[in-house]
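Undergrad: Protein sequence lines correspond, in order, to chains G and P.
In terms of numbering that gives the first Met the number 0, the first sequence opens at residue 0 and continues consecutively.
In terms of numbering that gives the first Met the number 0, the second sequence opens at residue 0 and continues consecutively.
Just so you know, the hints here were simulated from the structure itself, not pulled from any lab data.
There may be inaccurate statements among the hints.
Stretch-level coverage of chain G by chain P, calculated; a stretch enters the list once three of its residues show a Cβ under 8 angstroms from a Cβ in chain P [unchecked claim]:
1) 39 to 50
2) 53 to 64
3) 73 to 80
Here a beta-carbon is modelled for each residue, glycine too, at the ideal position from N, C-alpha and C.
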Amino acid sequence: MDKTASQVEWKKGSAELLILSLVEARPRHGYEISKLIEQRSGGTVRFHVASLYPLLYRLERRGWLLGRWVEKNGQRRRRYYRLTRQGRKVLASQLRGWQEFVAGINRITEAENA
Amino acid sequence: MPDWKPEILRRLAPLKLSPAREGEIAEEIAQHLDDQYEELLADGHSADSAFRASLDELKDEDLLARNLWSVESDLYREPIALGNSSSNWFAGILQDIRYAFRMMRKSPGFTAVAILTLALGIGANTAIFTMMNGLMLHTLPVRDPGQLVEILHHYPDDPEPGFNGFSWDAYQTMRDGNHVLSDLIIGSLNNYVVGGPALESQTVFGGNVGGTYFETLGVQPAIGRLIGPQDAMDSSPVAVVSWSFWKSRFNLNPAIIGQKVTASDTPVTIIGVTQRGFYGLSNQAQQDIWLPYSLGHRALGDFAVALLGRLKSGVTIPQARAELATLFKTANDRPNANPFMRQMELRIVPAGNGVSTPVTQMLSTPLTVLMATVGLLLLLACANLAGLLLARGAARQHELAVRVCLGAARARLLRQTLTESLLLSLIGSAVGIFLAYFAADRLIRLFASGRFMMGLPVHFDVLKQPDARVLIFTAAIALLTGLLCGAAPAMSASNAMPASALLPGSKIGETKRQRLFGKGLVAAQVAISLVLVSLAGLFVGYLAQLRNNLGFERNNLLLVTLDFAKSGYNAAQFSRLSQELVMRLNAIPGVTSATFSEMSPMEGPGAASFAAADGHPDKTTAVWMNYIAPSYFETYLTPFLAGRDFSARDQAGSRVAIINESAARNCFGNENPIGRHITPSHITMTEGEKTFEIVGIVGDAKYKDLNQPAPPTIYADLIQEGFIGSQLAIRTRIDPGGLAGAVRQTEATVLKSVPIVRMMEMNQQIDSSIVPQRLFAALSAGLGALGALLAVIGLYGLLAYTVVWRTHEIGVRIALGAAATDVMRIVLRDALWMVCVGLAIGAPLAFWGKRLAASLIPDLPVASPLPIVLAVAIMIAVGLIAAYLPARRAMRVDPMVALRYE
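Please model the entire structure based on the sequences and the hints provided.
TA: Structure (structure tokens):
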């Protein structure tokens with residue numbers, strides 16, 4: 000598997016987890032979410048618009064996120080997404096699963112490379 | 000800042016989202032792109048490169064729509080109306096109904112046509128279904144009606160249901176020998192004149208019943224007791240009456256028990272009343288009195304008992320038939336049995352809906368075919384109305400678009416449009432039920448005028464009473480009709496394209512697909528009309544065929560039925576007086592000849608027999624018999640093919656007969672029958688054998704049924720046989736009606752003590768024998784005409800609308816030099832194209848319908864392509880008629896006006 004292809008696969012599996020964890024601390028709008036993902040991954044993970052928003056709407060549909068239009072003085076209104084109670088539970092369980100998965104992978108690769 | 004929204008909206012378009020949702024997504028994504036663009040500019044990108052990089056976020060044309068598809072497809076929410084909770088789906092229904100009523104009031108012409116169309120379609124269906132329901136679907140109010148079967152016998156290959164009448168011996172053999180029936184009961188249908196000291200005489204329907212009749216049917220007494228085995232064994236002079244008889248004649252007075260009444264001159268004592276609601280074995284001939292089947296009845300011979308069986312559980316009708324047929328044969332093979340019955344075959348039919356009566360036998364098939372035909376008519380009405388609603392809906396696109404813009408959900412528009420069509424069909428049904436009641440009444444009266452109905456105290460009321468089943472049927476077809484009519488316009492309304500529809504001068508949002516659908520509806524109407532019109536042609540042709548090729552001349556023939564019963568004349572007196580009467584009648588100016596016979600054609604009854612010709616002792620042929628006086632064939636104008644007529648000389652000599660062509664062919668093959676002998680054995684209701692010398696051969700003529708081929712017939716000499724013929728036939732040169740007075744006078748002079756029972760023209764007698772066929776032809780012609788009319792309306796509506804819609808285009812064409820004829824050609828081509836597609840679809844359907852009808856009605860002239868060819872011609876004419884006005888309008892379009900149009 001070349002680099003790009005494997006990145007696509009990882010992204011698919013982790014996209015929901017990334018978004019949920021980014022809005023855990025405070026509500027954020029779509030552009031902010033995409034920028035944060037790009038910055039924090041050092042440019043290795045990027046979501047373009049055609050994928051990001053459908054994903055946000057999907058999470059909202061599932062009741063994990065709640066989107067709200069917020070108007071601030073002197074600015075255009077923006078849609079902010081915050082984590083719902085259900086979303087919080089999902090995030091916790093996904094995080095646990097992810098950590099276990101990574102730990103498992105690490106144990107295997109470390110053992111092989113030792 | 001670039002405007003991203005058009006790019007985004009273009010990508011969202013395939014999703015067909017609600018405008019509100021579409022706007023929301025576009026706003027959010029546009030904002031994202033704005034942010035990105037600004038950031039890129041701030042990073043030092045040129046405007047062009049920043050624009051391209053931002054736009055690149057949207058990736059491929061269809062990626063956004065693809066990713067959104069599964070998320071958005073079910074995210075379809077009713078907008079919340081102010082002050083209303085969106086969770087209550089029914090909240091807006093009243094509003095929809097009010098709105099629908101307002102729309103209907105706004106265009107009263109359209110509403111009237113729509114309601115009338117539906118009322119005719121639904122009314123016709125309800126009327127026919129009401130009759131079918133009364134005739135064929137009502138189950139008898141007895142225990143387990145589904146297990147009841149009627150036992151009939153019939154001639155081999157006879158399509159008629161048969162006759163329920165068996166000898167006592169056959170009854171006993173079948174009752175005691177079978178393993179398929181839990182009971183075999185005797186229950187006949189008879190007329191009684193019931194009267195008594197405190198009871199005015201009245202003819203009522205009733206029956207002679209066996210001792211187990213009531214027990215097997217599970218009928219309980221309301222008061223008193225019912226007829227039991229002992230009553231039948233003792234032939235007790237007792238009677239049981241129905242609850243309705245008790246109510247109408249005795250006002251529910253319990254003193255009815257023990258009352259002495261007479262039932263057709265037999266004194267009987269009423270011992271009980273049946274439970275409320277029980278009316279015997281037939282839905283049409285409701286019975287009011289039952290007498291025990293007595294020993295005396297057994298002497299009636301071969302038709303002494305009418306039988307009804309109750310199948311054991313798990314036994315099928317074919318199984319029952321197999322066993323009972325064997326037993327029936329055993330009984331008939333006994334030496335003392337009537338050999339005539341040996342020819343008969345057994346038929347077992349379900350009787351849960353009542354035993355077969357002349358009414359059921361006569362009406363079942365026509366009603367089934369009619370039901371299918373009116374079903375087609377309703378479908379046509381639906382297509383018609385759907386087309387009209389669609390065209391009107393297109394005219395309302397602007398209004399609908401405004402509503403969408405103001406936040407109306409598409410689902411809501413869909414519901415509102417459907418509410419309108421459902422309301423139309425509901426009102427149409429109400430009018431239809433009203434029409435159906437009178438139509439069913441009228442139809443029944445017409446049916447009842449047929450010859451089989453005369454004198455039968457048939458309860459036709461049951462045939463026209465709409466019951467719960469009829470109401471459910473009507474409600475169901477009303478709902479179906481509403482949905483069928485409304486579905487297409489509703490879909491089209493809910494797809495209102497706000498952006499395009501709101502543009503000034505827009506083509507009000509009608510898509511090519513919608514136009515094609517509208518044309519398809521018209522083609523479907525043409526196809527259905529073609530089927531209806533060709534079926535109408537078929538049935539009208541059938542009627543004409545029935546009325547002709549009779550083998551005798553039906554015009555200018557007067558028939559007089561005489562009642563010799565109380566005259567006291569013997570055969571010799573009859574012979575002398577009848578000859579005198581014929582002589583005097585012949586002297587009346589205008590009369591060409593007169594004759595007597597035992598039966599006249601199409602009178603109703605007949606005598607049948609099996610005949611053997613000399614030289615062919617092993618071969619018997621089923622033949623019909625008639626007894627006639629000299630000049631019979633001269634009067635009826637049936638041609639002599641060979642030999643001679645009866646004459647006075649025959650009376651002293653050996654028995655002579657004249658046979659028809661079919662009898663000659665069937666009995667003698669290619670041999671010359673003149674001078675040969677023929678022996679009919681066991682003529683119906685008589686026992687003896689008679690051998691006749693054949694003196695003449697005549698052409699074939701219809702005997703009893705117009706819809707059967709002319710049967711082999713033997714004509715014997717009435718005078719020679721010493722019979723009294725009650726049928727007098729008079730051939731006239733002028734209208735026979737004008738001679739009635741003179742005939743009456745002459746008859747009264749010669750036959751002083753013989754009253755005239757009936758006087759009618761042959762044509763009337765023929766018509767009364769084919770009432771169902773006549774009605775059927777008239778109804779199908781009416782339905783065909785209605786179908787064609789609906790097709791005209793549908794086609795006209797669409798074309799007129801198209802011309803209005805294309806006024807601008809037509810104006811441009813004329814301005815560019817198109818001639819008026821070119822414009823006309825455009826409209827006509829459109830019309831003919833739709834008609835041709837309709838014909839292409841309809842022709843195979845019509846052929847199929849013809850075959851289906853032929854499988855139900857024997858002798859239908861299906862070979863002739865004339866009805867379909869005629870129907871095709873009519874539909875093309877219909878197309879041209881419908882196109883005429885719109886085409887003329889198109890030709891008169893003024894280009895200057897048209898270009899300013901809109």
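Undergrad: Does each hint fit the structure? Answer for all of them.
TA: Hint check results:
no.: 1; hint: 39 to 50; verdict: holds (count 4)
no.: 2; hint: 53 to 64; verdict: holds (count 5)
no.: 3; hint: 73 to 80; verdict: holds (count 3)
Of the hints listed earlier, there is not a single one the structure fails to meet.
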